[in-house]
Amino acid sequence: MAERVLPKIEKQKCVLCGLCVEACPEGVLALKQGNLVFANPQDCVYCATCEETCPENAVRCEFEIRWAS
Amino acid sequence: MPTDIQTIHLLRSQSQEVLTRICQCAIAKRFQAYEAISWQSDPCEYVYFILKGEVEIYRLSPAGREQILDRLGQGGCFNLVSALLDNALNQSNARALTACEILVLGKSDFNQMLKQFPGFALATTHFFAERLARMTDLIETLSLYSVRQRVAKFLINQADSQEKINSIRWTQTDMAKRLGTVRDVIGRTLRKFADEGLVRFEREKIMLLDRQGLEKAATGEE
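Those protein sequence lines, which keep their order, are chains A and B.
Using the working numbering, read the first sequence as starting at 4 and increasing by one per residue.
Using the working numbering, read the second sequence as starting at 6 and increasing by one per residue.
Heads up, some of the hints might be wrong.
[As the list claims (entries may be wrong)] Straight line, CA to CA, 16 Å or less: simulated EDC-like cross-link-like pairs of lysine to aspartate or glutamate:
{"hint": "1", "chain 1": "A", "residue 1": "Lys16", "chain 2": "B", "residue 2": "Glu40"}
{"hint": "2", "chain 1": "A", "residue 1": "Lys14", "chain 2": "B", "residue 2": "Asp200"}
{"hint": "3", "chain 1": "B", "residue 1": "Lys210", "chain 2": "A", "residue 2": "Glu65"}
{"hint": "4", "chain 1": "B", "residue 1": "Lys210", "chain 2": "A", "residue 2": "Glu67"}
{"hint": "5", "chain 1": "A", "residue 1": "Lys11", "chain 2": "B", "residue 2": "Glu209"}
[Said to hold, decoys possible] Partial list, computed: chain B residues near chain A (C-beta under 8 Å):
{"hint": "6", "residue": "Arg35"}
{"hint": "7", "residue": "Tyr39"}
{"hint": "8", "residue": "Gln167"}
{"hint": "9", "residue": "Trp175"}
{"hint": "10", "residue": "Gln177"}
{"hint": "11", "residue": "Gly185"}
{"hint": "12", "residue": "Leu214"}
{"hint": "13", "residue": "Gln217"}
{"hint": "14", "residue": "Lys221"}
[Unchecked claim] If you want the ones that stay clear, here's a sample from chain B, every Cβ over 10 Å from chain A, calculated:
{"hint": "15", "residue": "Ala104"}
{"hint": "16", "residue": "Asp142"}
{"hint": "17", "residue": "Gln163"}
{"hint": "18", "residue": "Glu227"}
For the record, the hints were derived by calculation from the structure and aren't laboratory data.
Keep in mind the model is a prediction, meaning the values are calculated, not measured.
Note that CB positions come from ideal geometry on N, CA and C, so glycine has one too.
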């Protein structure tokens with residue numbers, strides 16, 4: 004089974020402000036023990052709200068652009 | 006000699022002598038994802054050839070806004086322009102987008118090879134011609150096209166080139182930096198394209214559905 008694709012977190016940029024945690028409509032993210040983690044990865048719908056919210060550009064929701072066959 | 010040295014576009018049809026010289030003079034360096042490789046306005050010391058990974062070339066405004074000039078994958082090379090100018094500074098910033106392995110050649114060795122190997126010099130000339138054409142295209146796009154047109158054209162170009170090169174992935178923020186706008190505008194434009202049936206969002210993919218429609222959007226013939 005393919006691994007679930009999740010947003011990428013650049014830990015060196017993340018300042019643990021928690022704005023993405025508040026903004027995530029699905030409650031996927033959490034701050035735990037000094038780290039930003041995916042507490043509920045199965046709920047992530049890849050809406051990219053976390054990327055939009057992050058003031059430090061620490062979250063990346065990457066897209067591949069392809070022609071539909 | 007690195008076994009993948011001939012994946013470098015500039016070296017593809019070069020003689021064994023050229024390849025041997027490169028391997029004697031260059032060193033392979035590894036960079037982590039998002040690590041800086043070179044900085045604009047630092048003295049130019051090296052040219053770079055990408056053995057593995059993806060590299061982003063960009064410039065910064067005084068206020069810190071980024072303009073992405075190019076994204077290069079395996080086989081690409083960068084910082085050649087600066088290496089050909091006397092006492093030049095690096096023209097742009099370069100950072101690794103993924104873990105990279107890069108062949109680093111000293112500027113003086115590069116110039117010496119251009120003098121010594123006409124085939125290498127000719128290949129470098131072709132490289133500059135292609136790069137100039139791409140930059141001219143970028144200038145035209147940024148200066149003369151609306152954001153809607155730029156996004157449509159960008160989507161078409163990216164999808165067309167995905168078949169030929171290792172797939173490069175873009176965030177909406179990256180697209181904004183490439184297309185000279187801001188993320189919100191990119192998001193609104195893409196959502197409008199989806200509403201119009203031109204694209205479809207899938208997890209980690211933007212699927213282009215209607216080439217004709219996107220081409221009309223790209224040229225403004227709507």
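Hints versus structure:
{"no.": "1", "hint": "Lys16(A) - Glu40(B)", "in the structure": "12 Å, holds"}
{"no.": "2", "hint": "Lys14(A) - Asp200(B)", "in the structure": "35 Å, violated"}
{"no.": "3", "hint": "Lys210(B) - Glu65(A)", "in the structure": "8 Å, holds"}
{"no.": "4", "hint": "Lys210(B) - Glu67(A)", "in the structure": "5 Å, holds"}
{"no.": "5", "hint": "Lys11(A) - Glu209(B)", "in the structure": "11 Å, holds"}
{"no.": "6", "hint": "Arg35", "in the structure": "17 Å, violated"}
{"no.": "7", "hint": "Tyr39", "in the structure": "6 Å, holds"}
{"no.": "8", "hint": "Gln167", "in the structure": "6 Å, holds"}
{"no.": "9", "hint": "Trp175", "in the structure": "6 Å, holds"}
{"no.": "10", "hint": "Gln177", "in the structure": "6 Å, holds"}
{"no.": "11", "hint": "Gly185", "in the structure": "17 Å, violated"}
{"no.": "12", "hint": "Leu214", "in the structure": "5 Å, holds"}
{"no.": "13", "hint": "Gln217", "in the structure": "12 Å, violated"}
{"no.": "14", "hint": "Lys221", "in the structure": "16 Å, violated"}
{"no.": "15", "hint": "Ala104", "in the structure": "13 Å, holds"}
{"no.": "16", "hint": "Asp142", "in the structure": "17 Å, holds"}
{"no.": "17", "hint": "Gln163", "in the structure": "4 Å, violated"}
{"no.": "18", "hint": "Glu227", "in the structure": "20 Å, holds"}
Checked against the numbered hints above, the structure violates hints 2, 6, 11, 13, 14, 17; every other hint is satisfied.
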